[in-house]
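Chemist: Same order as they appear, the protein sequences are chains A and B.
Residue 1 is where the first sequence starts when you use the numbering used here, and the numbers rise one by one after that.
Residue 1 is where the second sequence starts when you use the numbering used here, and the numbers rise one by one after that.
Each hint should be verified, as a subset may be incorrect.
As a list, the in silico SDA-like pairs of lysine to any residue whose alpha-carbon atoms are at most 25 Å apart [as the list claims (entries may be wrong)]:
1) 13(A) <-> 58(A)
2) 58(B) <-> 39(A)
3) 58(B) <-> 14(A)
4) 58(B) <-> 156(A)
5) 58(B) <-> 229(A)
6) 58(B) <-> 30(A)
7) 58(B) <-> 129(A)
8) 156(A) <-> 186(A)
9) 13(A) <-> 52(B)
10) 13(A) <-> 119(B)
11) 58(B) <-> 52(A)
Honestly, the hints are just simulated from the structure, not real lab data.
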Amino acid sequence: MVTTEWVLDAPAKAQRFADLFAHRRWIRRNQPFPHVYARDVFVPEFYQRMTDELTRLRRERPELFGKVAADYSADGVRLADLRDGPLGVFVSREWHDLIAGIAGVTATGDIEGSLHHHAPGAPYGWPHNDLNPGWFPGEPPGPDEVRLPDETVNTKTGERAPGVIARESVRAVAVLFYFGNPGWQPGDGGETALYDNMSEGEKLPELTLVPPLDNSLILFEVTPRTWHTFAGNNTKDRNSLVMWAHRTKDDALQRWGGDRIVYW
Amino acid sequence: MSTGERRVCLITGASGTLGDVFCRSYYTEYDIVAVCRTRTPAVPSQLEWFVDPLDPEKAVPENNSRIFVVRADLTQPGEVERVVDLALARYGKVDLLVNNAAHIRLHPRGIVDGDGALEQFEPHFALNVGVPLRFSARLAQRFWLHAGPENRARNRNIVNVSSISGSEVYPGQTLYSASKAALNQLTRNIADEFAEFGVRANAIAPTSFPALVPTEQVAQAIVELDISTFTGGVFGVGVEPDAADNGRDAQLAEAEH
């Protein structure tokens, strides 16, 4: 049974979400691979709340900033630890549906990611395509839910205690939102490099450098050809929020074939 | 998508300061062939277009006016011809040719300070004079030459983007100034020759933009010339009022005096 209250509340919630965005003209690009780019993503007031939250986290919760990966130069905070503040917009079902809709992907409701911080002088990363698996706890989330990794299941391997339910899915949509990098100028480094190819010996790949401009983002459907990396050489702190929405493994296998998925 | 009604503009240097502003200001009014070497203007094209994040399946009106980006190094053999072929294949006509691409290297210590100025002669004249000459000749040969009534009915024309440096002396700009002076005279001669088949030719000669004159005003001057009936003129943009010819549009002033 649908109550009157629910009917009234859903549009209001959708409107509140829509009101967070500064405009409705994001840019869809097809080179070097299909992606969406947007400047001035959120309205100034909400963006300010995000940067204030970043400042607060670094000041009051430094213990949250752990090393993202053993061979990666960023430290970060997991999305699961950002749910209560303005950065919680990234773990909302509305945001999940928005990024899946733009990418044209049927996503599962499973999301992962973290706030990344690169200290000045971070090294250049390595090209990767993000077509990686992810393990999530529990049954699939409902149509209005999102599910994040937790401590009961190893996100990369699916390793878990006997009896713990988990599902394997595959990264389907990647989002990099840049914030907390005021006054970035060409030469300050820390861009995201996009590659047109990774063929060996033929020719050097063309690079497209996406600057980490405040309140901007890049978003793309993860494919075997979405080669990208952190370009390093940042002269200042470089902050971003990196996240993925997932598709079912069956969907990924049908779309890309099993040999294209990059296991950890 | 072109409606077939809009005027077709071929503009070189489309990703530079003026070219980008021109494309952003007029992409819904013209069908634009935007010739760029590396970057592209920030408007919908076949390379990028808008999406509504909250309704990604919904059509965005601006996407109906996508420019057509052609990447080219116009100083390379055959590139001008390739661009002309692509423009005519895409739209079947060119109503306005804007020769905007330019090369500029300053020599603040003069032309006798080493070999820098001598080495920069060819690049300046190749792009600033040779490419406008080649575009004008090829478009005439392949399209305009035998279409006099249509040219006149469509008020077809060429706008060469010159500079106030083509008629004034500014230290360090010797080669750039000389090339723009040549472009000014090329414009006058083309206007005289192309009158036979009804294609006008003019030049604008802006002062420094955006420092001294808004780039939008320079872009507007191109459109004003496109809709005018002038030919054979070199018009200053942002120059001193005493250079203006009061009988003409207030935005445009005779650059040479």
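Chemist: Going back to the hint list, which numbers does this structure go against?
Modeler: 1, 4, 5, 7, 8, 10, 11
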